Amino acid sequence: MDGIAIMKRRFKQVGGIENHGVIDHERRKKPQRLKISGLFCLLSAVAVIANIGLNACKHRFRAGSVSYIPPSNVTNELLAIFEKVISSANLLLPPGFEAYVPIILENRTILCRNSHKGNISKARIHSFIETLHVGMKSSDILANSDGTTSLPIILIESDSSGCLHRNHPHVANWLHHHPRFASRYSIHDHVDQAYFPRFAWHTPSPKYGTGWCKAIGMTGYESSRLINDQCNTWFFDCNWDRVFKNYERKYPWKSKIDRAVWRGSTTGTYAPFDDLPRAKLVKKSMGRPDIIDAGFTSFVQGWEWQNLSKQTIAASAIPFEDLMKYRAIIDIDGNTWSSRFAKLLCTNSVIIKIDPDFIEYFYEDLQPMSHYVPASLQNITKVIEYVLDKMNRRQMKAIVDSANSWCKRTITKEQMQRDAISQLKKYEALLNHMYNVSWVDEWNYVRRRIMNNIGDDLVDCS
Numbered sequence: 023m024d025g026i027a028i029m030k031r032r033f034k035q036v037g038g039i040e041n042h043g044v045i046d047h048e049r050r051k052k053p054q055r056l057k058i059s060g061l062f063c064l065l066s067a068v069a070v071i072a073n074i075g076l077n078a079c080k081h082r083f084r085a086g087s088v089s090y091i092p093p094s095n096v097t098n099e100l101l102a103i104f105e106k107v108i109s110s111a112n113l114l115l116p117p118g119f120e121a122y123v124p125i126i127l128e129n130r131t132i133l134c135r136n137s138h139k140g141n142i143s144k145a146r147i148h149s150f151i152e153t154l155h156v157g158m159k160s161s162d163i164l165a166n167s168d169g170t171t172s173l174p175i176i177l178i179e180s181d182s183s184g185c186l187h188r189n190h191p192h193v194a195n196w197l198h199h200h201p202r203f204a205s206r207y208s209i210h211d212h213v214d215q216a217y218f219p220r221f222a223w224h225t226p227s228p229k230y231g232t233g234w235c236k237a238i239g240m241t242g243y244e245s246s247r248l249i250n251d252q253c254n255t256w257f258f259d260c261n262w263d264r265v266f267k268n269y270e271r272k273y274p275w276k277s278k279i280d281r282a283v284w285r286g287s288t289t290g291t292y293a294p295f296d297d298l299p300r301a302k303l304v305k306k307s308m309g310r311p312d313i314i315d316a317g318f319t320s321f322v323q324g325w326e327w328q329n330l331s332k333q334t335i336a337a338s339a340i341p342f343e344d345l346m347k348y349r350a351i352i353d354i355d356g357n358t359w360s361s362r363f364a365k366l367l368c369t370n371s372v373i374i375k376i377d378p379d380f381i382e383y384f385y386e387d388l389q390p391m392s393h394y395v396p397a398s399l400q401n402i403t404k405v406i407e408y409v410l411d412k413m414n415r416r417q418m419k420a421i422v423d424s425a426n427s428w429c430k431r432t433i434t435k436e437q438m439q440r441d442a443i444s445q446l447k448k449y450e451a452l453l454n455h456m457y458n459v460s461w462v463d464e465w466n467y468v469r470r471r472i473m474n475n476i477g478d479d480l481v482d483c484s
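Quick note on numbering: the numbering used here labels position 438 of the sequence shown as 460, and the sequence is numbered without any gaps.
Please keep in mind that the hints were generated in silico from the structure rather than gathered at the bench. Owing to the predicted nature of the structure, the values given are computational and were not obtained by experimental measurement. The reader is advised that the hints may include incorrect statements.
[Said to hold, decoys possible] Derived pair list, reagent style DSS-like, types lysine-lysine, alpha-carbon separation capped at 30 Å:
1) K278 <-> K412
2) K229 <-> K447
3) K435 <-> K419
4) K139 <-> K159
Working from the sequences, and respecting the hints, build out all of it.
Here it is in structure tokens:
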């Protein structure tokens, strides 16, 4: 039985609701003052010596006005996983935990293990940690009823959010090397592989329903990189208007190539190859090269060992800015979400977005046919014909202008800091909703135990 299953079984035994790890406080008695006779304590001591391990006389501390006896096994799955991964000396890949990264938010400071800091500083999630750190300097956060200022946070560094959904078998195939994930996956049900809140790069599209996935979106590392690049290019001015004027000078709207372009790798693995969404897109290009210029720049995830030259297009890479030579740029999911969608919206070409299965935190702010042109693999050819039609040129330019206005509002350091704080509040609200405010008592105990066991200090990780 794997570790998660064991925790769920123990959780159920102590009165937890198995589906979402929510503690059933109606079934759980309130902690009472411990009444232990001298004889019982003596027997307990004998039992400890005999390695039976009675803990009734240990770890007693005061929570509010009553004495609280911490559980021998942590019943809150978030805290159980948190303690497990923070006890791992080597991040970012503790076995079986899908690159979970633990941090602690205390008094507006983001803490991590000293031995973890080096790896975290090199990881993509560090962009979110930095953004959150700066945002906290000017925001009021954490409003738990007892005034606590300590919050355990799990972040997922890998491309998975932990959530699978029906009608998406390629995700199960991509995660086949995780036996725990494969055994839990069902094509008939929405499946959240983890029963606790965590931060991830993406969440499932609303078309698959809402509320079942406990992942909260992080501000994107590609957006942070884009801001830094623009600031360095424009002498720390970070002026989007100046950027867009430069784009128009280099890639004028009236001189664009009347085709839609896409470049990328063979991610999103299906079997057989022809069922890969990106392969379907490239096949459309083979049939209509007059309006679609799509090709693979690299073959990965097993496809590099196969001779695919006759059934697809191997194309040379195009520098990102040079994609703006084309009137339209296509964006499509890979293994999971497309991390460059926001970056594409900051170009001066029309963005055609293939109906995504995975979205970033900002997606709800965007409107189809206002900021981008929606499409599917079934109608992509007709959509491109519409976009390229000279009769629709004014409408397409208005979509580009609207996308650029969104970019100026959203892809800035200040707005991303506000967004990071907003996502943090969602995380805390979900934590309180799932576990009720009583998670604070258990966290106080777990934090003490962590400090006794990890062997090095918690340090500022921002």
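Verification of the hints:
A C-alpha spacing of about 12 Å is found between K278 and K412, which places the hinted pair at or below 30 Å, so the restraint holds. Taken as a hint, the K229 and K447 pair is honoured in the structure, with Cα atoms around 24 Å apart against an allowance of 30 Å. Taking the CA atoms of K435 and K419, the gap is near 27 Å; set against the 30 Å cutoff, the hint holds. Distance restraint check for K139 and K159: the Cα-Cα separation of roughly 21 Å lies within the 30 Å cut-off, and the hinted pair is therefore satisfied.
The structure shown violates none of the earlier numbered hints.
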